[in-house]
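Peer 1: Dock chain U against the given chain V, drawing on the hints supplied.
Going down the list, the sequences are from chains V and U.
Just so you know, we're using the working numbering here: the first sequence kicks off at 1 and counts up by one.
Just so you know, we're using the working numbering here: the second sequence kicks off at 476 and counts up by one.
These aren't lab readings, by the way, just hints derived from the structure by calculation.
Just so it is clear, the structure is predicted and the values come from calculations on it, not from any experiment.
Worth double-checking, as some hints may not be accurate.
[To be verified] Rough simulated footprint, nothing fancy, chain U against chain V, three-plus residues with beta-carbon under 8 Å: (1) 119 to 132; (2) 138 to 144; (3) 150 to 159; (4) 453 to 462.
Glycine included, C-beta positions come from ideal geometry on N, C-alpha and C.
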Amino acid sequence: MIIGYLTGSLLLALLLFLNRNDIVNKLLIAAFLLFQCVFTCYEFLHKGTTESYFFKPDALAILLVSTLTIISIPVLTHRYDYIYPEHDNPRVRGIYYGATVLLIMALTAAYLSSHVAVTWIFVEITTLASAALIFHRRNAGSIEATWKYIFVCSISLVLVFIGILFLSIAVSDAHDDSLYYNSLLNLAPHLKTSWLRLAFIFIFIGYTAKLGLVPMYTAGIDAKDKAPAPSAALFSSVLMNVGFTGIFRFYQIVARTSLHHWADQVMMVAAILSVFVATVYMLKVKNIKRMLAYSSIEHMGIVVIGLAAGGIGYYFALLHLILHSFAKSSFFLQVGHLYKTYKTKNIYYLGQYFHYNVAGAVFILLAFLFITAMPPSGLFISELYIFKALVDARYLYILIPVLILLTIIIWAMGKNIFKILFIPPVSLPEDPEGKVSRWETVSQYFLLGLVVYLGLNPPAEFVTLINETIHSLIL
Amino acid sequence: MTNILLIIFIISLLYFAIANRLMTYVKIIALQGVILFGVAFIELLEINVINLILILLETIIVKAVMIPAFMSYVIRKNKITREAEPFLPNFLSLIIVTGIIIGTFIIASFIDDPNLHKIYFVTALSALFCGFFFISSRRKIITHVICYVIIENGVVILSLAVGNEMPMLVNLGILLDVFVSVFLLGIFINKIGDVMGEGDVGSLNRLKD
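Looking at chain V on its own, in the form it has when it is part of the complex (with noise of 0.2 Å):
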């Protein structure tokens, strides 16, 4: 079934990119959406079950597959013609179309790939997808933004690559199947650590490249910046859950040999410096979409910070991951609507959106207090219960610098979002054709609500499968 998908979606990927009907761009994006549910559906029914060698769907495979299918629906049906209507030509649009299906396609296999290297190249490939997504625009800023995340990124999976042949060293009896996860997880008391040591740091800078954590997080910033801001709703919550697939499968092996607590404090000490930035640039920055991305590398740092501090910060570190998806993603769809309205990403030149666009001025109300993780957002029992780990593990001297961290953030950003609701723009916007119909609204508030049911009262279904995924981390 996984060649089946793979071979799919790359099919679908090349006719919307050949593709210059606009008509037939909307069923074949349809089909492509019916075959990535069928798909994921299919994954979850064949929990556990080895398909072509490289691929099982687990549970952490399963709960990311399933948040980047449905966060895939509002993505790909966000009306098109929001996206710089300037470029609208077929030409561009099937580049964008062929390139999003391509990374959502590399974004199920990177989660599915049960062996170390099948995930770096799929992980890769994400890189190269959205080159072409950053790239949409043309103009001088997006070729720096595509050359910075392209440069940045293929530097970064070297450095996770010499850092997978660092730990086929440390696994001593070399044979074929030993780059497993299952049976690194099987040999990790047996690792020489002097080198799986060095194979974490490796491994751990590369994929903060992706994840937003401190060494590796200026390019994605970049691009959330420069990318259409559908593209922006994947980068900031999709592809940092591949960052985190690629650490956390590698921390599960760490964690079963002598180097945990030394691991611990290497994810700590990178979590709390990404809180730190996130909160020095938030006071300062003066451009929505960069506001925002910065307040992903915040919710990025206190997901490491609730895995380093282990118990019960485990569940809620990868609850917190799984909702914050659903929070940021639907509120750069947002920004595609005020875009749209203000021809502008400059808070400067924002102001009074009630005035325009209501249903989208209550939404930026509700994902700020949302994103702030204030109540009855999700956000906040996973935050609460991250902080109680954090009590739980001795660690009350991070804990405290974080809270007035965090609290510095919620400023900044409450100062910029009541900017944008409440206070008169420098110049009206004069265009009416901005007008942003209310229906399209609709997605993003169902992203919301699941928040908050996700948050608040999880189905059984959903803490079993977290649960099987911190099993052998709690072991």
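Peer 2: Just chain U now, kept in the frame of chain V:
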């Protein structure tokens, strides 16, 4: 024999540090591609057709012919001046690269692992660190791509040092990914040349907070 080849590889890094022209850089990566072929060929435990074709494809065809040809095409198309114009004087670069190589020798001497060939390890790490050093000390964007290829070459040598064979399909996927990313980087150099007129990292300063 492999020792001689690997030493030539290290010398090529020293040469890179003092080379003045972009075309010399391109020739150096072509030479490194040929050296990689030699090393991989000698390392082959059993000669069968598929392995041989894969290695030929990876080293000679991609690394020694296609990437250098593409790089020189990019240089010609964008009319990039042929001087490399580094931030640092060549003499200083030479000293730093020598320092890096000596440093990796010292690091390698601490490692006591029977599974690892030390000379490979030294060469690979030198290529990696020198690549990072060249990226940070060169002004032109095209040299960054060339240095990325040098880092990649170092990784290939490291993978030979490890001696743990990846499955065939995985190897092919990695090769394809690397090639496509170099190709894409080249395309974007063309775009940068079209829009900003010069291939200088100083022109990439629009995006900031």
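Peer 1: With reference to the structure, classify each hint as holding or not holding.
Peer 2: Checked hints:
{"no.": "1", "hint": "119 to 132", "result": "holds (count 7)"}
{"no.": "2", "hint": "138 to 144", "result": "holds (count 5)"}
{"no.": "3", "hint": "150 to 159", "result": "holds (count 5)"}
{"no.": "4", "hint": "453 to 462", "result": "violated (count 0)"}
When each numbered hint is compared with the structure, a violation occurs for hint 4 only.
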